[in-house]
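As they're listed, the protein sequences go chains A and B. Just so we're aligned, residue 395 is where the first sequence starts under my numbering, counting upward by one. Just so we're aligned, residue 19 is where the second sequence starts under my numbering, counting upward by one.
No lab work stands behind these hints, which were simulated from the structure alone. Glycine residues also receive a C-beta, built at the ideal position from the N, C-alpha and C atoms. You can trust all of the hints, since none of them are fake.
Computed beta-carbon distance windows for the label pairs:
| id | chain 1 | residue 1 | chain 2 | residue 2 | range |
| --- | --- | --- | --- | --- | --- |
| 1 | B | V184 | A | E506 | 55 to 65 angstroms |
| 2 | B | G42 | A | S465 | 51 to 61 angstroms |
| 3 | A | V503 | B | L152 | 18 to 28 angstroms |
| 4 | B | L215 | A | S465 | 29 to 39 angstroms |
| 5 | A | S497 | B | P243 | 19 to 29 angstroms |
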Amino acid sequence: MTVTNDQGRAPGDPEFSELPLDVEISTEEGRKLVSLLKDDRPHARKLLEVRNLSTHFATREGVVHAVDEVSFELDYGETLGLVGESGCGKSVTALSLTRLVPSPPGEIVAGEIIFDGIDILKLTGNEMRLLRGKKIGFIFQDPMTSLNPTLTIGYQIAESARLHLGLSRRAALDRAAELLSKVGIPKAKDRLADYPHQFSGGMRQRVMIAIALACDPMLLLADEPTTALDVTIQAQILELIRSLSDEFGTAVILITHDLGIAAGMCNRINVMYAGRIVETGRVDDIFESPRMPYAWGLLDSLPRLDEEKGARLRTIEGLPPDLINPGPECRFSPRCHYARDVCRASEPELSPRAEEDHLARCFGTEPGGWIQ
Amino acid sequence: MANQTRTLEAPAAAAPRRSASLWGDAFRRLLKNRLAVLGGVIVLGLIFVAIFGPMLAPYEYQSQDLAAVVAAGGPVDPFVGPHFFGTDNLGRDLLSRLMDGARISMTVALVVQTVVLLIGVPVGAAAAWFGGRLDTLLMRITDIVYAFPDLLFIILLSVALRETAVGKAMDGLFVVFVAIGLTAWVGMARLVRGQLLSLKEAEFVEAAKAVGVSDFKIILRHLLPNASGPMIVAITLGIPGAILAEATLAFIGIGANEPRASWGKLVAEGQTYIRAEPHLAIIPALVVAIALISFTFLGDGLRDALDPKLKGKQ
Numbered sequence: 395m396t397v398t399n400d401q402g403r404a405p406g407d408p409e410f411s412e413l414p415l416d417v418e419i420s421t422e423e424g425r426k427l428v429s430l431l432k433d434d435r436p437h438a439r440k441l442l443e444v445r446n447l448s449t450h451f452a453t454r455e456g457v458v459h460a461v462d463e464v465s466f467e468l469d470y471g472e473t474l475g476l477v478g479e480s481g482c483g484k485s486v487t488a489l490s491l492t493r494l495v496p497s498p499p500g501e502i503v504a505g506e507i508i509f510d511g512i513d514i515l516k517l518t519g520n521e522m523r524l525l526r527g528k529k530i531g532f533i534f535q536d537p538m539t540s541l542n543p544t545l546t547i548g549y550q551i552a553e554s555a556r557l558h559l560g561l562s563r564r565a566a567l568d569r570a571a572e573l574l575s576k577v578g579i580p581k582a583k584d585r586l587a588d589y590p591h592q593f594s595g596g597m598r599q600r601v602m603i604a605i606a607l608a609c610d611p612m613l614l615l616a617d618e619p620t621t622a623l624d625v626t627i628q629a630q631i632l633e634l635i636r637s638l639s640d641e642f643g644t645a646v647i648l649i650t651h652d653l654g655i656a657a658g659m660c661n662r663i664n665v666m667y668a669g670r671i672v673e674t675g676r677v678d679d680i681f682e683s684p685r686m687p688y689a690w691g692l693l694d695s696l697p698r699l700d701e702e703k704g705a706r707l708r709t710i711e712g713l714p715p716d717l718i719n720p721g722p723e724c725r726f727s728p729r730c731h732y733a734r735d736v737c738r739a740s741e742p743e744l745s746p747r748a749e750e751d752h753l754a755r756c757f758g759t760e761p762g763g764w765i766q
Numbered sequence: 019m020a021n022q023t024r025t026l027e028a029p030a031a032a033a034p035r036r037s038a039s040l041w042g043d044a045f046r047r048l049l050k051n052r053l054a055v056l057g058g059v060i061v062l063g064l065i066f067v068a069i070f071g072p073m074l075a076p077y078e079y080q081s082q083d084l085a086a087v088v089a090a091g092g093p094v095d096p097f098v099g100p101h102f103f104g105t106d107n108l109g110r111d112l113l114s115r116l117m118d119g120a121r122i123s124m125t126v127a128l129v130v131q132t133v134v135l136l137i138g139v140p141v142g143a144a145a146a147w148f149g150g151r152l153d154t155l156l157m158r159i160t161d162i163v164y165a166f167p168d169l170l171f172i173i174l175l176s177v178a179l180r181e182t183a184v185g186k187a188m189d190g191l192f193v194v195f196v197a198i199g200l201t202a203w204v205g206m207a208r209l210v211r212g213q214l215l216s217l218k219e220a221e222f223v224e225a226a227k228a229v230g231v232s233d234f235k236i237i238l239r240h241l242l243p244n245a246s247g248p249m250i251v252a253i254t255l256g257i258p259g260a261i262l263a264e265a266t267l268a269f270i271g272i273g274a275n276e277p278r279a280s281w282g283k284l285v286a287e288g289q290t291y292i293r294a295e296p297h298l299a300i301i302p303a304l305v306v307a308i309a310l311i312s313f314t315f316l317g318d319g320l321r322d323a324l325d326p327k328l329k330g331k332q
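Using the sequences and the hints, build the whole thing.
See below:
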């Protein structure tokens, strides 16, 4: 079955379809997807259920287990933080959710990603395009390189709306102007014909947000959205993401290595280390009573205002483990001051802690453990 | 206070904001390059002559002024009398014939570069985008075509098709045009592949994928416009090669049928009288040289103007 959409048909037109041109629907999941694209209601218990997701990269040295059996859930409208140091699998997790992992060398080798009731790993590449931009928006890290230098801002914002909402060029540009003023760019209508080089870094990130929100997605993936920006602009951009996600009821997965940002923005936090989730819980629980030595290390390494002048920042000593051949031990044990023999012999499971929904992967903080 | 406001507003009024400055900037840089402007003006002149030649020419390129030939006892001398560049031994006006030659050469430029674009761009883009085996296959084919002796291929093709409808199309020129194009696309394929290989790693490509744009549209709307600068330069610099190839073939008698007047054919015909009437060979040869050099100047100027590394330095 080939569903085509004559670009330019308005909603309400009997011929109108919300599908981009020439997407062949060939799977059962694809048909389910088409039916739920018609409205913005929730269709499942959770917006996102990720089960045992593993993403590997084939390299010359061996297979890198970049994301290793990661499981988590996301409620409709919830903001989840993915935190951890560089190379711990945060970005690959986000890319896996949209199936944008560069392949080869990357591959999602196992697991399930259930988005709004649909197992997206069963969709074909073409069917996946229906979801991207429409139900899942993506904000990239570097706004300087994520916009096409040869296309106008207006075209780049309108592209998504034309593709997914079947809007005509003119209608899509109107929508683009509306979005552009919504993300706080003055004289939006006059700036549609501008090119990215005429915008500053902060403004470009606002444009990226406008693109991500063009079709009113249910999930916004923000991959270190403020890393390339200076601190004052950071605050503005985060505030913008927060207010717009509140307004549209969009769930957000915020990827960051900045715990301060995560604390300010998120309902829940997943701490990742070496391709695994090592602790997950509500933001208050993570910050008030972290139950994993790695999380203590992260919190401890934050600069503090009440610190003595000239004192060195604390660091977590050592390096993250090699992800090519992870051993059977707890992956943090080589850097952990509290590690005992049991930690080096086997890896703990994510297990519940005292607070509700608070899980940690550590023998020492399990009930009856040696760290209290 | 009032004074301050005025100084703040003045520059804004003096320099109104412009958009679409990507091409505008390049065009302004081009205008600063005198040789490129000179080349561009000559190229525009040639295009003008090619389009309106028959209306501008003092005579028809094939009509003979036999009385003048008889009176002169051979080809008519240039710069005296009604035939400005003189005539050939058949009494045909050289200026008018050169204008017809311009028509042929500009058509060569257009048709050959169209063929080059139609073959080179898809081949290069497919090789770069899909990579792997398809890339290897397409690039090996490109290598083979590149290594093949161009002139031999064109001669074989024109001779083989001489008596067919294709061979006779456009006074015998069509098959020559296509044959030149069929050997000339390899450079474009390699250029496009190289450009796209680096461009496809750009983050804006990932951003376009994240919005759900199809592969085809990413190549067409996101990648190729970013490669258009080098492509325009390659096309402009490829034109002299195509014109020269056609002139070379015409010189050895392949291509334009009588009485069409390709520049190469004019040189070949004039060569017979090189001692008595040297202008018959020299003038067409000069015209060819000027045309080639104009395109080269223009191409070089475009390269400097469109090269992003030079932005802001001039």
